[in-house]
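Undergrad: Sequence:
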Amino acid sequence: MYTHHVPGIGWVSGGLGMRTLALNKLTAKAVASAGDGMHSDGGGLFLRVKGNSRAWVFRFTVEKKKREMGLGSVSSVSLATAREKAAEARRVVGQGLDPIMSRLKLPTGLRVRAEVTFRAAMRRYLDAHHQTWSNAKHSAQWESSLERYAASIMHMNIADIEPADIELLLSPIWLTKIETAGRVRQRIERILGACIARKDCPGPNPAALRDNLEHILPKQSKVKVVKHHAAVPWREAPEAFAAIRAKQEAGIGYAALITLILSGLRSGEVRHLNWDDVKEGRVEVPAERMKARTLHRVAMSYALSEHLANLPRFAETDLMHPGTGGRPMSDMTIAKALKGAGWGDYTPHGWRSTFSDWANAQGWGRELIEDALAHKIGNAVERAYRREDFLERRRGLMEAWADYLKGTP
16 MYTHHVPGIG WVSGGLGMRT LALNKLTAKA VASAGDGMHS DGGGLFLRVK
66 GNSRAWVFRF TVEKKKREMG LGSVSSVSLA TAREKAAEAR RVVGQGLDPI
116 MSRLKLPTGL RVRAEVTFRA AMRRYLDAHH QTWSNAKHSA QWESSLERYA
166 ASIMHMNIAD IEPADIELLL SPIWLTKIET AGRVRQRIER ILGACIARKD
216 CPGPNPAALR DNLEHILPKQ SKVKVVKHHA AVPWREAPEA FAAIRAKQEA
266 GIGYAALITL ILSGLRSGEV RHLNWDDVKE GRVEVPAERM KARTLHRVAM
316 SYALSEHLAN LPRFAETDLM HPGTGGRPMS DMTIAKALKG AGWGDYTPHG
366 WRSTFSDWAN AQGWGRELIE DALAHKIGNA VERAYRREDF LERRRGLMEA
416 WADYLKGTP
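For what it's worth, the working numbering labels the leading residue of the sequence shown as 16, then goes sequentially.
Be aware that a few hints might be false.
Said to hold, decoys possible - In silico EDC-like links for lysine to aspartate or glutamate, alpha-carbon gap of 20 angstroms or less:
#1 K391 with E321
#2 K192 with E204
#3 K262 with E321
#4 K294 with E99
#5 K44 with E103
#6 K192 with E229
Calculated from the structure, these hints are not laboratory results.
Computed from a predicted model, the values in this text were never measured in an experiment.
Given the sequences, and given the hints that come with them, work out the whole structure.
TA: Listed below in structure tokens is the structure:
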């Protein structure tokens, strides 16, 4: 009997003492009902099932290296088409070539550089960018989310990663953990984007959403419910503020919450405030501690100035509202203070919306309100020409806000 051995696959036909390459082992029914795991169709073609995701994978060996190539999801590639793709890949392997490189038509010089795993690319990206992020926690969140949800591609060569691989890891959380899935996809896209820019692998980016995964994954907007930070209704703000002030002697969390309400700052910005940030008539938060990475000046109302003047100072730290051991307090400390005052159905961050709603209802200008909240206004060109932050004009806004909260006419 005539036999032909395909490197990395096996014997195509049987013979004495030779392995027979079994093909077409799966049926359409088996593909539809298969449980989690890898299911062989023979000849290196596998069906990979994980949760609701089903994708075709071709496994082979070239130059003693085991490789894996995605052939598409079951929803877009039928069993017959997957077998055709696998047969073509076996033909390429039989010529001693790598079907992944052949499909991408990569130049020889790029093949050597492409031997980078996703984990190595991730580490390189984190090392290069972590200093530009707000804090160490942000960097840790990047790594932990990818280690947890992108584990299936960590070992893969970046040049081998395909949209089907990204679909496979995202599918289990795409409609159930929408925010997390979005962050994971964006982080993978950025890491692979850096690899493409370095010419370690070719484009297009397999984790891109537009003209790519948007055609494969279901639309999140069909099930996504936008959940805003619960905000105290502006007409009830004076009552809530009075309840918080009545508890301010009960703990530093209440003092931090009052600072947050009177200043319009975010929780993280308040928790990291120190006494050097207080200037004459204003509070200045350095760019590195602001979300927009721009210096922000808070026009201090008389009420805020008086509040800060009455805060105790701690010898072991320069922080205005220190937590345990002189370190910044946790975000939960401020949230607990709001709950302790009897307004636990709302969030500290929601006070920014309360302020915005009140200011708009009173007819204050949009730009003054957005400046007070440290929001970016307009596009990059507009911001380049708009360098004034209208601090003195905002002082009237912040005085009016404090008077409203205190019930002062």
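Undergrad: Under the constraints set out in the numbered hints, which ones does this structure not fulfil?
TA: 1, 4, 5
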